[in-house]
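**Q** The residues making up each chain are set out below.
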Amino acid sequence: MEDNLKYITAPPHIKEKSDVTKIMFCFILALLPVALFAVYKYNLNALIHLIITIVVCMSTDYLYRFFVKKQTNITDGSAIVTGILLAMVIPAEAPYYIGIISGIFAILIVRHIIGGIGKFYLNPVVVSKCLLLIVFPEAMSKYSESVSNLPVERMLNGYSVNTFRMMVGNVDGNMGEICAAALLIGAIILVVTGVIDIYIPAAYILAFILTICVLNIGHLNTNYIIGQIAGGGFLLAVWFLATDYKSAPVTLKGQIIYGIILGLLTGAVRVFGNSGENIYFVLLIGNILTPLIENFTIPKPFVN
Amino acid sequence: MKLHSYLGGITVKSHKTQSKDCEIKSLVPQADMVYPLLSYGENVVRPCVDIGDKVKIGQKIACAQDDMLGVFSSVSGVVKAIEDRAISNKTQKTIIIENDNNYEEDDFYEVIGLDQMDYDDITEIVGKYGIREYDSSQKPLYEKLKYAKGKSTEYVIINAVECEPYFTSVYRRILEEPELIVNGIKVLRHLFPKAEIVMAIGEDKMDAVIEMEKRLKNEPDTEVAAIENKYPSGDFTYLIYQILGNVYKSDTEAIQNGVISVLADTVCALSTAVLEGIPPMSRVITLSGSESNNPGNYEVLFGTSVDDVIKLSGGVKQEPYMIVNGGVFKGEIIENTDIPVTAGVEGILLLSKKEAPIYEPEECIRCGRCMNVCPDRLVPEKLLKYAVSGKTAGFLKWHGDECSLCGCCSYVCPAHIPLMGYIKDIKSKINKEGEK
Numbered sequence: 000m001e002d003n004l005k006y007i008t009a010p011p012h013i014k015e016k017s018d019v020t021k022i023m024f025c026f027i028l029a030l031l032p033v034a035l036f037a038v039y040k041y042n043l044n045a046l047i048h049l050i051i052t053i054v055v056c057m058s059t060d061y062l063y064r065f066f067v068k069k070q071t072n073i074t075d076g077s078a079i080v081t082g083i084l085l086a087m088v089i090p091a092e093a094p095y096y097i098g099i100i101s102g103i104f105a106i107l108i109v110r111h112i113i114g115g116i117g118k119f120y121l122n123p124v125v126v127s128k129c130l131l132l133i134v135f136p137e138a139m140s141k142y143s144e145s146v147s148n149l150p151v152e153r154m155l156n157g158y159s160v161n162t163f164r165m166m167v168g169n170v171d172g173n174m175g176e177i178c179a180a181a182l183l184i185g186a187i188i189l190v191v192t193g194v195i196d197i198y199i200p201a202a203y204i205l206a207f208i209l210t211i212c213v214l215n216i217g218h219l220n221t222n223y224i225i226g227q228i229a230g231g232g233f234l235l236a237v238w239f240l241a242t243d244y245k246s247a248p249v250t251l252k253g254q255i256i257y258g259i260i261l262g263l264l265t266g267a268v269r270v271f272g273n274s275g276e277n278i279y280f281v282l283l284i285g286n287i288l289t290p291l292i293e294n295f296t297i298p299k300p301f302v303n
Numbered sequence: 000m001k002l003h004s005y006l007g008g009i010t011v012k013s014h015k016t017q018s019k020d021c022e023i024k025s026l027v028p029q030a031d032m033v034y035p036l037l038s039y040g041e042n043v044v045r046p047c048v049d050i051g052d053k054v055k056i057g058q059k060i061a062c063a064q065d066d067m068l069g070v071f072s073s074v075s076g077v078v079k080a081i082e083d084r085a086i087s088n089k090t091q092k093t094i095i096i097e098n099d100n101n102y103e104e105d106d107f108y109e110v111i112g113l114d115q116m117d118y119d120d121i122t123e124i125v126g127k128y129g130i131r132e133y134d135s136s137q138k139p140l141y142e143k144l145k146y147a148k149g150k151s152t153e154y155v156i157i158n159a160v161e162c163e164p165y166f167t168s169v170y171r172r173i174l175e176e177p178e179l180i181v182n183g184i185k186v187l188r189h190l191f192p193k194a195e196i197v198m199a200i201g202e203d204k205m206d207a208v209i210e211m212e213k214r215l216k217n218e219p220d221t222e223v224a225a226i227e228n229k230y231p232s233g234d235f236t237y238l239i240y241q242i243l244g245n246v247y248k249s250d251t252e253a254i255q256n257g258v259i260s261v262l263a264d265t266v267c268a269l270s271t272a273v274l275e276g277i278p279p280m281s282r283v284i285t286l287s288g289s290e291s292n293n294p295g296n297y298e299v300l301f302g303t304s305v306d307d308v309i310k311l312s313g314g315v316k317q318e319p320y321m322i323v324n325g326g327v328f329k330g331e332i333i334e335n336t337d338i339p340v341t342a343g344v345e346g347i348l349l350l351s352k353k354e355a356p357i358y359e360p361e362e363c364i365r366c367g368r369c370m371n372v373c374p375d376r377l378v379p380e381k382l383l384k385y386a387v388s389g390k391t392a393g394f395l396k397w398h399g400d401e402c403s404l405c406g407c408c409s410y411v412c413p414a415h416i417p418l419m420g421y422i423k424d425i426k427s428k429i430n431k432e433g434e435k
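In order, the protein sequences belong to chains A and B.
Just so you know, we're using numbering that gives the first Met the number 0 here: the first sequence kicks off at 0 and counts up by one.
Just so you know, we're using numbering that gives the first Met the number 0 here: the second sequence kicks off at 0 and counts up by one.
Because the hints were derived from the structure by calculation, they are not lab data.
Please note that the accuracy of each hint is not assured.
[Said to hold, decoys possible] Examples of chain B residues lying across from chain A (beta carbon under 10 Å, computed):
1) E227
2) N228
3) G244
4) V246
5) C366
[Unchecked claim] Straight-line Cα separation of at most 30 Å, DSS-like style, residue types lysine-lysine; simulated pairs:
6) B:K127 / A:K118
7) A:K5 / B:K79
8) A:K5 / B:K353
9) B:K15 / A:K21
10) B:K127 / B:K79
11) B:K248 / B:K396
[As the list claims (entries may be wrong)] Pairwise CB distance ranges (calculated):
12) A:S58 / B:T10: 37 to 43 Å
13) B:Y146 / A:V190: 36 to 42 Å
14) B:S427 / A:S58: 41 to 47 Å
15) B:K12 / A:V190: 49 to 55 Å
16) A:L62 / B:Y358: 52 to 58 Å
17) B:N217 / A:F295: 36 to 42 Å
A quick note: this is a predicted structure, and the numbers were derived from the prediction, not measured.
Glycine included, C-beta positions come from ideal geometry on N, C-alpha and C.
Okay, chain A solo, but in the shape it has when bound:
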């Protein structure tokens, strides 16, 4: 503390009235339409999942900080954001232990051990989702109806989809992925409140559209492109997961390159793969590339 005092009393002596809690509140606000729609559609199941993930995330965070005697700012809300997002990437019919496992894994292993002690930032939600997909493949595909109602899977198998139903969430999928309209409202909230920059999403979406167009040049139609964007967690990934502060590059050029890489890879796995869930593995690859991208995009200083 004595040592710390020298730094905290250093100039400037006035500070902007912003804090981490406010930023996290904006994220929660942006996630609210998505979460509310999930509850509207899957009722009690969705609500229980949400409560489980949020409570598990917050308590894991609190206990970890308590045991390593780190300052306990449980109120800053980042654990709540992680909790909501974790619930949004699992299907409503999944067993409840999925939420408990993913919450503990995301906060304890990914955030605090790999990210804190190991100083290698990965998005807890993405890593946790990837783990669940590998370890519990059956539990993670418990959608309420048959797989044939998953829009992206239908498209990948050559069927056409009803994009209007995808917009209003009248399809099946992971809880946060189904309603494109709710996700877009959330995206608008994120951009308007200024908590995220537009560079990653813009580069991501453009690169993605370009890739699927090039790889599918023979049978292209607008329905296909809109379906690809609106379905299978793409919008959730673009606006809420790829823009995660800790796991995305901070440099401007780096953000654009990161968006392009994610867009290219997502386009490729959508066209050549057979599952909408592949996008989470793409995000994981992006996270791993982040330090490398940052090192290649050190901005030129004003004075040189």
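Given chain A, work out where chain B should sit, using these hints.
**A** Frame of chain A; chain B shown alone:
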């Protein structure tokens, strides 16, 4: 005049209304006067009076070799002590004079007409009078003039921007003593006959801009520029960039390229020294902050203690949460108010806990706000990481050496991390290693 705008920087609540309309008042010191003997490089300033000597106003009490960097008594009285004192974390030799309150004046130097002086004569006067830049650097002006000699100076920039919140002393001087600045500009014109003189004033002080434009209407090649109202517009690098579109890292680099910049207060001191023969013995400071009973602008004799200034101005409402020597962005918190006012004290701020809270830092969330406001286009988040872990190589790889320590990153950080404190620390460590 068309200005270039730079990326980054921040718009801050100016807090200037408290002192903006307060006329400059002179303070009569009560306590003993303390004169620090500030050396510059190899020019060591040594006392030229002894304990017990009687001195008058304007009498030289210390100087370096060849009469350079003179220090002058601002009161009449007796030399009480010559001792080492701790002034803002540094031990400095000081001369202490007991004020006899008679204010007897010494004979000042003879005034020669401006026409009969050449560049070297003026440089000599500036050197002997020990005129320094009126900011915390306190760089002797004669060093600049000496360096600029023989180089074709194209632009002289007078810095009256005052982008730091709270400060209004330069603004008040422009409104109350415009002649002094106009005369200073005449001296500068004599020094640099071919240069274009640009006076830079913050655009939030439009009445000062209009006043100067009116006064300088008949001066050839002299312009007033209204500078964008954000911090750190008044800092050397960004100011020159805004006016000329060129980026210079240091004073010397700018002078080499024909650009010299001086502060408005320094120009006033230049004018009184050259045209009236009076050495610099006082400065105008802003005393402000919500704990001050009478915020305003005060003309303070050099050597008056900060404690005296606070008392004479009317005292404090409550014990201030912090007392800052300088601006809120660059000034240092002072624990001990027993330090003297010198050319380097731009203002004294008595701040309450509400306006200048000290936060416990939280974890960095990598939001990138520090990067967006950085006028040097660096990535403070990375610099912080390397500064905390002490990795000099990584710090330099991310161009940490180009950081101008403006403090914008610390200001915006939502986790309240004192980035500037850490970066300053590692920078001084790098500088020390470089000297070895």
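**Q** Flag every earlier hint the structure violates by its number, smallest first.
**A** 1, 2, 3, 6, 7, 13, 15, 16, 17
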